[in-house]
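Chemist: Okay, here's what each chain looks like letter by letter:
Number of protein chains: 4
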Amino acid sequence: MKYHVKDLKLAAEGKLRIEWAARNMPVLDLIKKRFAKEKPLQGIRLAACLHVTTETANLVEVLKAGGAQVTLCASNPLSTQDNVAASLVKHSKVPVFSIKGENTKVYYSHINAALDARPHITMDDGADLVGTLHGKRIKQAPELLGGTEETTTGVIRLRSLADQGRLLFPVIAVNDADTKHFFDNRYGTGQSTIDGIIRATNMLLAGSVVVVCGYGQCGRGVSMRAKGMGAHVIVTEVDPLKALEATMDGYQVMPIVQAAPVGDAFITVTGDTSVIDAPAFSRMKDGAIVCNSGHFDVEINLKALARMSKKVRRVRTFVDEYTLKSGRKINVLGEGRLINLAAAEGHPSMVMDMSFANQALAAEYMVKNANKLKRAVYPVPRNIDREILGVKIDSLTPEQKKYLASWEIGT
Amino acid sequence: MKYHVKDLKLAAEGKLRIEWAARNMPVLDLIKKRFAKEKPLQGIRLAACLHVTTETANLVEVLKAGGAQVTLCASNPLSTQDNVAASLVKHSKVPVFSIKGENTKVYYSHINAALDARPHITMDDGADLVGTLHGKRIKQAPELLGGTEETTTGVIRLRSLADQGRLLFPVIAVNDADTKHFFDNRYGTGQSTIDGIIRATNMLLAGSVVVVCGYGQCGRGVSMRAKGMGAHVIVTEVDPLKALEATMDGYQVMPIVQAAPVGDAFITVTGDTSVIDAPAFSRMKDGAIVCNSGHFDVEINLKALARMSKKVRRVRTFVDEYTLKSGRKINVLGEGRLINLAAAEGHPSMVMDMSFANQALAAEYMVKNANKLKRAVYPVPRNIDREILGVKIDSLTPEQKKYLASWEIGT
Amino acid sequence: MKYHVKDLKLAAEGKLRIEWAARNMPVLDLIKKRFAKEKPLQGIRLAACLHVTTETANLVEVLKAGGAQVTLCASNPLSTQDNVAASLVKHSKVPVFSIKGENTKVYYSHINAALDARPHITMDDGADLVGTLHGKRIKQAPELLGGTEETTTGVIRLRSLADQGRLLFPVIAVNDADTKHFFDNRYGTGQSTIDGIIRATNMLLAGSVVVVCGYGQCGRGVSMRAKGMGAHVIVTEVDPLKALEATMDGYQVMPIVQAAPVGDAFITVTGDTSVIDAPAFSRMKDGAIVCNSGHFDVEINLKALARMSKKVRRVRTFVDEYTLKSGRKINVLGEGRLINLAAAEGHPSMVMDMSFANQALAAEYMVKNANKLKRAVYPVPRNIDREILGVKIDSLTPEQKKYLASWEIGT
Amino acid sequence: MKYHVKDLKLAAEGKLRIEWAARNMPVLDLIKKRFAKEKPLQGIRLAACLHVTTETANLVEVLKAGGAQVTLCASNPLSTQDNVAASLVKHSKVPVFSIKGENTKVYYSHINAALDARPHITMDDGADLVGTLHGKRIKQAPELLGGTEETTTGVIRLRSLADQGRLLFPVIAVNDADTKHFFDNRYGTGQSTIDGIIRATNMLLAGSVVVVCGYGQCGRGVSMRAKGMGAHVIVTEVDPLKALEATMDGYQVMPIVQAAPVGDAFITVTGDTSVIDAPAFSRMKDGAIVCNSGHFDVEINLKALARMSKKVRRVRTFVDEYTLKSGRKINVLGEGRLINLAAAEGHPSMVMDMSFANQALAAEYMVKNANKLKRAVYPVPRNIDREILGVKIDSLTPEQKKYLASWEIGT
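Chains as they are written, first to last, in the working numbering: chain A, 1 to 411; chain B, 1 to 411; chain C, 1 to 411; chain D, 1 to 411.
The set of hints was computed from the structure by calculation and includes no laboratory data.
Wrong hints could be hidden among the right ones.
Note that the list lumps identical chains together, so a pair holds whenever it fits in one copy or between two copies.
[Said to hold, decoys possible] Cross-link-like lysine-lysine pairs, in silico, DSSO-like; alpha carbons within 27 Å at most:
| no. | residue 1 | residue 2 |
| --- | --- | --- |
| 1 | K285 | K311 |
| 2 | K100 | K401 |
| 3 | K9 | K100 |
| 4 | K325 | K2 |
| 5 | K15 | K100 |
| 6 | K325 | K303 |
| 7 | K402 | K105 |
| 8 | K90 | K227 |
| 9 | K136 | K401 |
| 10 | K64 | K368 |
| 11 | K285 | K33 |
| 12 | K64 | K100 |
| 13 | K285 | K15 |
| 14 | K15 | K329 |
| 15 | K303 | K139 |
| 16 | K15 | K311 |
As the structure is a computational prediction, the values presented were derived from the model and not from experiment.
Okay, chain A solo, but in the shape it has when bound (with noise of 0.2 Å):
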């Protein structure tokens, strides 16, 4: 078996971990039961492009239950748990191609690996294995069932090939499920990104200004921890809708310019690129810190900053101390990779318990449905969104099912 990994030494140590995280994973375990019986997938060669944790590795445990060969690699140069990577291998014999920290040459050197299992199904996060695919790998895609795409930015990707005509297979966009996007983004990008900050810095949120950039469901999340932990938070955004929602939820709402010379710490959660940009960086605070926690590297134009800089240094892990020509100082973290992932663990496995649910299912859908579905961007089908929640609560009596279906009923 090939795989690239840090070291199989860690593995003890990582499945220790694997396993404190099952325990949030109520979800998932239920899928797995049923998939050991049912064995939907069997037969069936997985690429998956996923943040490697130990809640992806729970995933993959169930992906195997079901019957799938999976062969996994990093969708972020940073986001991987070495130790977790070492336990898949050594455990659970699943090639892993993933190091964390790798550049962005091993990185599609690993990506590269993974296609080069020739999968029926993607599994992606980011949309890199279907981007490549498109790419320069455009001759195995024929080999495909479908896919699964993890995130709002690769759902933008792909239904951006699909505008154009072409993308070759369906893809399920798990990121649109309900479970998935309001759990994940909101509470779950909220509370590791505040996660990753002080993990990173170790400053004070009670009274700070944090600034963030974008009010999706992940600046939702983000805004309302980092006023959970007593900042002043201030939102940025580009849809008026989304604007109008901030200030009604409390925050103050003004440009990023505006905002520059206020804020302690600025977050970007876009999607969108050069979102923090030379004339941000030109009017921030002396000791100012830039972190993203949306998915890609971009949205913090770090180019720009470098060129504004006469000095950079790594002055804490994680934090990069840029030097501008005026003297001032603006601390990076993580190189502006998704800082909840660099600096923390992600997502807690209470959260990508849902997230994955949803990826198992939609996987198992997608190989029974491939033949019926057109080269197009799917929701995940409303009933497997529903069979991830559970909670006691009430159930509409049949007089309160025939009162919502008439409309004879009036004053």
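Place chains B, C and D on chain A using the hints.
Modeler: Just chains B, C and D now, with coordinates in the frame of chain A:
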């Protein structure tokens, strides 16, 4: 001119209040200026069945400015502001049929009076105009170009009609506009429900246990504000996704019968019937407070409560004390009608500004496009929704637009 | 029996309201039962200068149950509930001197009427009884055993008297009891101030900018609730410790002239004079709302505002619109008097229950201990404070008590 | 120079971290500059028993700048940052005795090493220096001018000594300074406890039930932040006033045995012993998480838990899984020692800046005033407390000062 209001002598007082509201309705004001020039509603007879409040008065002025002949009746027997009704008749020469506290018979005579004006367009808040038109006055239906509907409840009724193939003209679901339901339901209902409860009871929310039935937009708003006032909030739901969302937002979630013995105050915002019923009443604490902020007075089963009681008396304006056979007392606010209009002033003007801007623009759209529309419930056209917003924010750079439309750029 | 109230015909209505309040005053009820047995105030003449509200009526009943002869006058010209005053006269046979909206001359005639009853004990809310006694009626002072004082403002005045060596009898600062100022000032003022503003204006707090002047217990409460309703809150202070605390709690802190141009609503809760003055008025936005929730109407310099204005008119009950010479308009609520009593109902009964339990027990203590006390301002005895509380909680084990009293056990 | 640290090779890494902390310690920096000029501690030997962290390193630099000879030992076996200890030895030439993870025997050998330096001043965090001095090393006591104490726990021990008439020199209770306990306990402990729990477990706080034992300043802080992260918070208390305050702040309050079966995570912050004991353990859910953020590791009765368990194993760094005889598992974090130092980095520098500014100024005060002080526990002199603050705020006008000092002006 025929009309039916409480007392024209109240008109001066009403005029000042209408002016006060106008200050917080800048969007409607912009539309009024355009309508006055373009006269898009010229020659149109419009019957509006809305809460007769200061904000509605400002909407009526906009419709008139656009050229419409407006007849107005109440959409709820308890929600009329009598001095506003008086001013509309006296100063604006609008036929109004509406008296606060009118009984059901008078209520429907007012609905019929509005329909007697033989409208081309209906503007509904709960679908009583459309409901009556599809009942006893079905012969009048062909005269209609279309309608607009303000509430979730009304939209449910209209969809039910449409599903049965019986809807006779197109209706725009104003409620579904982002600028309506996000703000009106979440922020408007949130504040005004709390306001209504405090005015009705002067209870201290800090330290109290507030049970919110329903976690839709209204329920979110009410929960958020009750928590913001220091209450411990319990949510009841029938939808597992919303239940999970409420849990993640930090609320306790449980079935209503389990919440019954611990709640100090209960608020229904579900759009459904008998949400609080005998099993809950029989478990409530002595002195529990029960109220509704959903559209119709069916959410609390008052008939069941009356059957369980040996005595009912009014102990405070808007508070009826039901003494159960067990001796325990349950206090019902505002007769189970929407408490924010019964005991307070309904949504703040700033919220209604956006809802009513949607109404005005939807009426204009209906007049211009009625011939192209089918007998169905339509969403508010997206450009209308966006026309309404105006906040100073960032805009996308050409580079950012290109990035968002591309799929090639990966990790 | 002499008295001066608005209209005895309002008594029935007042009685129902007093009963409603009694349900939320369980502590006072316990004390009433003990007082009825022990009669600790037998033969005592007590003059109370308090806001004449439903809660005060319940306190008066407790004092009477203890044997006291009570005379009651208003401690604020705008805070009387006329139907409560009527019920106290008619049903409880208490001489009340108090009419909502009385002018300053009548106000002081009522203070003097209360003192004409030749009290042994004064019960003050703002120190107007004691102030008058130490002014024109100084000859009457030797008849006094002592007094109690409800507010921060009153305590400041009394300490000033005592510091000058001029205080002629002991006074207990009820305000300083933990069960008073924590709850009354923070939770009571917090909710009721927001309530007063919404009733007076129906403004939407979500998304608005609320400026709170003063971050004492009242300011904390008001800030917390304004934030809880979705406002963006700015705090102004003169004490650096409190300013830092406000910052840490997530609020913006700045000088008033800097806050003036951004605030939508301004609330003073400082206990000081001219907190909002000409420099702030001259920078405010058109339509700004200004109100006070501190004890006296001196916090907003209305004389300065009047001098800057070319026109003043009442545009809504409790709202006076001042049109500045520049054309901008500033809306003053409740004539600058405490907005929670002017436009709303004052503190909820549950809050006043604890404050007034302190008052009743302090009066009893004063009667029993007056001969041992000096001419000074005293705190509420700690055992009184604790007698008032009753929550189901843990208690210390003997082992824990021992641990807390030891120094030997270290790391 | 004698010292005992883990590895001098860690010094370079420690130096960068100390510099990083320095950026957020502006107050200490101001004092350092003054001390460097005035040398108020010239000739003084000072033994400090503090958490050996980056912030403490900055305090040590200030004391040295003032002329003191400082010896440093750890105040907790698990809280040492080994690279900081190394840098203090290597770069600052300070004798440090402290190794992360040292056992109790080594811990006390380090305490004794610090006392071997024959200090004039002790600087304690938990009173272990003073405790040891009053135990086996009592003969050394006369050499002491006085001491300072950082924590609530230490102050309790010192007061107990003083009450027994056995305290042998004056000690300043730095903990009682407003600038210390408000900010350090509330905001510092609040954030860092949450930080420690997330690092130790990566659990999702949103939607979880967090039980906070104790509602002092620390408990308030932890509760506020847990709520801010989306948890449902339950508080346990033994003081009825604090219990009521917690209720009013919107938390559920109940005895610990009642909270035991519903909590997902339990946090003790009481300063007392055996707060979580067998009766609570026996009712907890499978997988419950238990940790402490109070000073000593006595708050959770781990001995009782061990007796109830059939197996203990470490499942994750800082997590010990106790398997009860019933099969249920309870996870104890950081061996019951303060989780914010065990698993995270302790208070953010900005918080410690104020605490340690108090420490430095208190040491100076002690040196200057020791001969005037009795053998008692003293508060921080008020002018010290105020020297530390600096926010841009309003100041009182002469008119306002006069108003606050007068009693004549009434209604």
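Chemist: Now tell me if each hint is right for this structure.
Modeler: Hint check:
1. K285 - K311: within (17 Å within a copy, 45 Å between copies)
2. K100 - K401: neither (53 Å within a copy, 32 Å between copies)
3. K9 - K100: both (15 Å within a copy, 25 Å between copies)
4. K325 - K2: neither (48 Å within a copy, 44 Å between copies)
5. K15 - K100: This pair counts as both: shortest intra-copy Cα distance 17 Å, inter-copy 26 Å.
6. K325 - K303: within (15 Å within a copy, 53 Å between copies)
7. K402 - K105: between (61 Å within a copy, 25 Å between copies)
8. K90 - K227: neither (43 Å within a copy, 41 Å between copies)
9. K136 - K401: between (54 Å within a copy, 25 Å between copies)
10. K64 - K368: Intra 17 Å, inter 58 Å, cutoff 27 Å: intra-copy only.
11. K285 - K33: Between copies only: 23 Å across, 54 Å inside.
12. K64 - K100: Within one copy only: 24 Å inside, 42 Å across.
13. K285 - K15: between (44 Å within a copy, 24 Å between copies)
14. K15 - K329: Result: close only across copies, 19 Å inter versus 41 Å intra.
15. K303 - K139: neither (35 Å within a copy, 65 Å between copies)
16. K15 - K311: Intra 41 Å, inter 19 Å, cutoff 27 Å: inter-copy only.
This entry does not satisfy hints 2, 4, 8, 15, going by the numbered hints stated previously.
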